[in-house]
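There are 4 protein chains.
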Amino acid sequence: MVNAAGTAMMSRFGKPAAMPKKEPKVGLWMIGACGGVGSTVALGLAALRRGITESTGLVTALAPFRRAGLVAPASITVGGHEIRSCTLLDSVRESQSGAGLFSAELVKSCGPQLRSMQRNLRPGTLCGAGPTMRQFADASLRVDDRSPAEAVERLSADLSAFRQRCKLDHVVVIHVASSEPQLRRQPAHGDFKKLQRAMLRPGSNVLPASSIYALAAIESGCAYINFTPSPGMKIPALTRRAAERGIAYMGSDGKTGETLVKSALAPMFAMRNLSVLSWVGENILGNRDGKVLRDPAARAGKLNSKDKTLSRILGRKTVTGVSIDFVESLDDWKVAWDFIHFAGFLGTKMSMQFTWQGSDSILAAPLVIDLARLAALECAAGRSGVMRHLAFFFKDPIDSEEHELSVQWRQLVEHVAVAQT
Amino acid sequence: MVNAAGTAMMSRFGKPAAMPKKEPKVGLWMIGACGGVGSTVALGLAALRRGITESTGLVTALAPFRRAGLVAPASITVGGHEIRSCTLLDSVRESQSGAGLFSAELVKSCGPQLRSMQRNLRPGTLCGAGPTMRQFADASLRVDDRSPAEAVERLSADLSAFRQRCKLDHVVVIHVASSEPQLRRQPAHGDFKKLQRAMLRPGSNVLPASSIYALAAIESGCAYINFTPSPGMKIPALTRRAAERGIAYMGSDGKTGETLVKSALAPMFAMRNLSVLSWVGENILGNRDGKVLRDPAARAGKLNSKDKTLSRILGRKTVTGVSIDFVESLDDWKVAWDFIHFAGFLGTKMSMQFTWQGSDSILAAPLVIDLARLAALECAAGRSGVMRHLAFFFKDPIDSEEHELSVQWRQLVEHVAVAQT
Amino acid sequence: MVNAAGTAMMSRFGKPAAMPKKEPKVGLWMIGACGGVGSTVALGLAALRRGITESTGLVTALAPFRRAGLVAPASITVGGHEIRSCTLLDSVRESQSGAGLFSAELVKSCGPQLRSMQRNLRPGTLCGAGPTMRQFADASLRVDDRSPAEAVERLSADLSAFRQRCKLDHVVVIHVASSEPQLRRQPAHGDFKKLQRAMLRPGSNVLPASSIYALAAIESGCAYINFTPSPGMKIPALTRRAAERGIAYMGSDGKTGETLVKSALAPMFAMRNLSVLSWVGENILGNRDGKVLRDPAARAGKLNSKDKTLSRILGRKTVTGVSIDFVESLDDWKVAWDFIHFAGFLGTKMSMQFTWQGSDSILAAPLVIDLARLAALECAAGRSGVMRHLAFFFKDPIDSEEHELSVQWRQLVEHVAVAQT
Amino acid sequence: MVNAAGTAMMSRFGKPAAMPKKEPKVGLWMIGACGGVGSTVALGLAALRRGITESTGLVTALAPFRRAGLVAPASITVGGHEIRSCTLLDSVRESQSGAGLFSAELVKSCGPQLRSMQRNLRPGTLCGAGPTMRQFADASLRVDDRSPAEAVERLSADLSAFRQRCKLDHVVVIHVASSEPQLRRQPAHGDFKKLQRAMLRPGSNVLPASSIYALAAIESGCAYINFTPSPGMKIPALTRRAAERGIAYMGSDGKTGETLVKSALAPMFAMRNLSVLSWVGENILGNRDGKVLRDPAARAGKLNSKDKTLSRILGRKTVTGVSIDFVESLDDWKVAWDFIHFAGFLGTKMSMQFTWQGSDSILAAPLVIDLARLAALECAAGRSGVMRHLAFFFKDPIDSEEHELSVQWRQLVEHVAVAQT
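In order, the protein sequence lines correspond to chains E, U, B and C. End of the first sequence sits at 421 in the working numbering; the numbers just go up one at a time, nothing left out. End of the second sequence sits at 421 in the working numbering; the numbers just go up one at a time, nothing left out. End of the third sequence sits at 421 in the working numbering; the numbers just go up one at a time, nothing left out. End of the fourth sequence sits at 421 in the working numbering; the numbers just go up one at a time, nothing left out.
These are calculated hints, taken from the structure and not from any lab test. Since we're looking at a predicted model, the values are computed, not measured. You may find that some hints are simply not true.
Unchecked claim - Below, in silico cross-link-like pairs of lysine to aspartate or glutamate (EDC-like), each with a Cα-Cα straight-line distance of 20 Å or less:
id	chain 1	residue 1	chain 2	residue 2
1	C	K234	C	D399
2	U	K349	C	E328
3	E	K349	U	E401
4	B	K349	C	E153
5	E	K193	E	E244
6	B	K194	B	E150
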């Protein structure tokens, strides 16, 4: 399938050498671009371009994806929306000195590229944002879009301008902003026409900010991925609009730490017919996401998406519980302790516990790059709708009941293999 | 495939109701029958027969095996060899009061059945046993078989008598005795004729005890499973003899605790392209197996089989280490602490650790029953040779490079599904 | 001080042999006698009397207390109040079979004594009890004392009758019932006369149940100890009344697990000038106390007393957090995970974490016996007021700012040594 | 005691303002100066001098030591012996980029001072060093002192020159080099005269390197502290020589991590009469010390000193075990997991486990500064002999049976308080 010359031309990331036409140009537009995750994505892409880092953490750098025709990470163009005044460079410096992520040298040598990416960033919207979010916002942003409709128009224009200015074939919008509270359903959510009318009302809260960004992606024809538990496209009127407009989308809530472990470990208990009596987890974290999650409403959304994995794999009888606490000194580090109480043969009770100590940004950033590559592949193939094969990446995969990591992995690998042939 | 009447007749363990001919009678013969594992198997079978326990812990009680035509656990006949003077009932009472396994009531109500099983037990051999094993042995056993040949003949006669007396269609021999030191290769191991000659020599150590039992199983036409890291059938002359005699066999070393977790968890790191720098484990345990493992030679065998899983899944670059220490107060409980140090995106180091607290006997016993059922199925179907589809149950599966739990599971389920049709 | 003959007569618990007059008779009256803690105390005293258990867990069995003239545990007479219909024997059987505490044999051989102790138990009161407590209560108890005054009179009469019937020199009342919500202050709490008037009102809630029991102890001249975070004597009118009546008392909230560890470990960080940034703990437990603590009001009281230790030892700047969750499968077992994040020299952050897995009843019961012995010693010496030297036993010691375990230990040992001379 | 003017002059470290004569000049001479600990001490002193770090981790910065007349850390002069070619600055840069200790800025701004301290460093000796140590050594050092006597003379001359050149009143020698194997006793160790004769023999191994350095300290009249488990002054001939020469000394093996926790936690079990059945620990570490400890002989010395704490506090019946493994990826970080199995009332078994994750250099460095300050205080007061009051700092305190941290703390504080008055 790949000729000798082609093989020789292949980079580590499997630039699809045998492809006759030139590689499509791909843009990655991040909502919340200067947050911990967004800025680490930017730094990572810069470092990969400069060849000063390994591909560790990138799922799509593994063997099964090498010949899938994915865009090279180094050639992805970055843009994004941001409501805070901090820059990409500020943010990675803070991650470096505060949480001790990556090395000071790495940051230094990628400085120029981060500054140049900064030129593709545009002000986000506070329309639909709650009080917690507003307090993070840059003062100069306070004069806001007057209505959701106006916001969608402006943000969508930013996306189109990005596509044109950078001559991009495909743009993938990925939501990496802080978690919003769970959505309160409104009648207008069921019908796009009604929604459009409601969105015209100045100061309307008919849509949360994440859904306004999602609609902007739809309207400008971008693929859309929600890496957070925020509502995003989870509104019937929006999913229908996405279908009409032929948008490929997926979410929600990137599976990076405790839930990742659960989705690998819970099947073990099921396969061995060990009866999990209770599985409780305590999460402590110190970053902006943790601060936002002090708001009980935001936490409820997060807990809801975290809790699905276990009940889907182990069944309803297992008692599960997850708690999240903000511990500022941890910075970008998240520590999760899980205690699993289970019964074995003849009713004897046993236990297992684990502690996960990981950096949220470091774990999430490569997955954002993976998702951009995989979504762009769908765009290039002209496919749209829910990208169910990406369930592997999410705590609460849209339209998928599959939570076992190994099965999700096989589905992903098989989709890409089939797509290739 | 199963008619309405058949369904109604199905027990919880899916006795294949529609099968026209009567269920074959199966015998489970355990080497080391009165040890922690062996006696828990006996107690479990008795409790299942009396209907006073659930099927928790039995893999073959799960949905994919319900219609596979497996023998009902309650109808398995138990026999075994033992070198110690303690009885099945003594042993379960000790597990109950010492380690707090199962309830005192359970033991009480199964007493009569355990006493009746005891009648099928025969003295084991000390031929080929090391000093540690000898010191456990019953004094009256000290007058031993004079040569390995004599031992094989006697043990094999025990097996044949068991088969005849209990009118068994198939007998599965499962080795659950204490771990032996790693085998030192001898020239006679390469050729069955040479081996036979060497075995005639009185006092010969040409075969370790576990291999003498394995040969007795071969000679009496029984399926053979090695649930320990002891050599057993891992001698070229024996595997060739097994092939000649059409024996189905598998091993080695039941995957019950720490290694089980590794085989579920390590693939997660691999699938996420997280670079595991080091994975070290400390095991502490207090049972007879732990006592035996204080002998560095025996420990080496165990560590060797424990260490394969990680290198097969994660590759050679991962630094791995396992240590085992005897802590008498733990009794049958095994506590394992594993520390996993890994690098993610941009080289940032993170860690995970887990502690597993499980009872060895409770975890192993149901798997022994599973293996008896699954091996009997092969016998009934007239299949022989290595039962590779049972890799799911072993730390160091014979002739299999597959260590990922989820893949092993799929292979097992698929084998049984195919076998059914 | 002790002559040769005396030494020969000394029991393991150091009965003060040389004492010329006979040992005073001591009664231990437990509020909530048939709960996990209360029934384990009863079982323990019975087992000590029969000489079938060691003194493990009893602080007063250690060397510094051997010649202090403490009453022998075996000679303590047990009585108590209880609102549930379950007996002491029912309760220990449940602890045995459910949580696997102590051995079935131990329970069996102490059965007759537990039945005989049962005769000294009297119905408790629901006066002042909240809805959670009421739902545990025996149906036949529903017809309740009409007013707090009536309740105090009845309970106090029970105590006096116990003293007379059993010919006791000293009675120590120890509150081991489930946790009550935090107290809402009322004007009548500041003045005993006002309180007495308010208590006459039928159906009045002027005092929570724990304080009604405390007042009954005061009025009948018993020493009083509050082993729970419930209000008990923590009402100005009651402490003043206790002073008037010459009552010796102490509390609150027995220090048995996580907080015990904190009080031993936190001083280490302080002495090494390591700056504890955050110390968060997650507690899971499955007993009745855990069930009660699902009520946020009751939990608040508990968390308040648990949280004092750290801030007193480490200062206010340390971020602390404790959460408690009910996990039914754990039964009487409490699992606590604590994560300690600290900075060392040059600002480098490090961490420590621990998991404590203990049985609440087993840890608490011997301390209740210790407290009965130590309080009886004060009574015998004619001392009254706050027994500050018992701070060693409590999470939230009354009138004491000392939370370091080793300092509390020294204070206890010194008090007893001085008392002796 | 301190007048108003004096108070105003007091620095954070409590320079004893009221002292009429000027503060004595103190030199700290480290054996193994450019190792992880030594170089962190140097960096720390530089940072304290520049006022860019807090006193976190320095015991002597706590309240009880503020008016003790201790030398200000900022005014300590640093010197040392080193056998490797790396500089102080190289070493701290490696600790920064490898293990992520302290910040890159801190290193940068202390660069000039580290370079200036480097001028006080002198080549160490390989005389008496084992093969592991030799392989770390700088190639140019290979031409070594011909005999132990020659080595002592040269090293001792270095110390005297340091004292004179820097006009120091007191010099404290602190051994922070890698662990040596346990000492094999030789007849010459019992008698200084014999030892002197034996030391004249070229190539003699009569003394290990650590003891040669100790003797050099004695001969040049310096106080001596052994922060490692190496033999150092633990040779009868040397301790007698130290007494003759009026040397103040102490050791061995700084108590920085796992053992520190043990000495705080074990007394809790003892005070509560909980019976510790077993306490086993697994240590993994990745620094040079860890590399050295792969040598079973060196490890034996370390394990021996680590194991004393528990048996002294808990008694001989507790089963203890410590293992140490080298895990390179951990760099300067040491992870220790301890499992404590204990029985409580009525024989019920419970457990506790902890994981300690600390940086060896960060934990040790401030203690080295503390020891220099406290030893200099003894010199200034003209006291000599074993400084038993420093037991608080050591795993295996010389001539002290006291291992409880809180008691050691009290002894230290009381000694300093008395010394003050």
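Do the hints match the structure? See the list:
1. About 11 Å separates the Cα atoms of K234 of chain C and D399 of chain C, which keeps this hinted pair within 20 Å; it holds.
2. Taking the CA atoms of K349 of chain U and E328 of chain C, the gap is about 13 Å. The hint holds against a cut of 20 Å.
3. The hinted pair formed by K349 of chain E and E401 of chain U fails the criterion: a straight-line CA distance of about 32 Å is larger than 20 Å.
4. With a C-alpha separation of about 42 Å, the suggested pair K349 of chain B and E153 of chain C falls outside the 20 Å cut-off, and the hint is violated.
5. At most 20 Å may separate the alpha-carbon atoms for a hinted pair to count; K193 of chain E and E244 of chain E meet this at roughly 13 Å.
6. With a CA separation close to 16 Å, the supplied pair K194 of chain B and E150 of chain B stays within the 20 Å bound.
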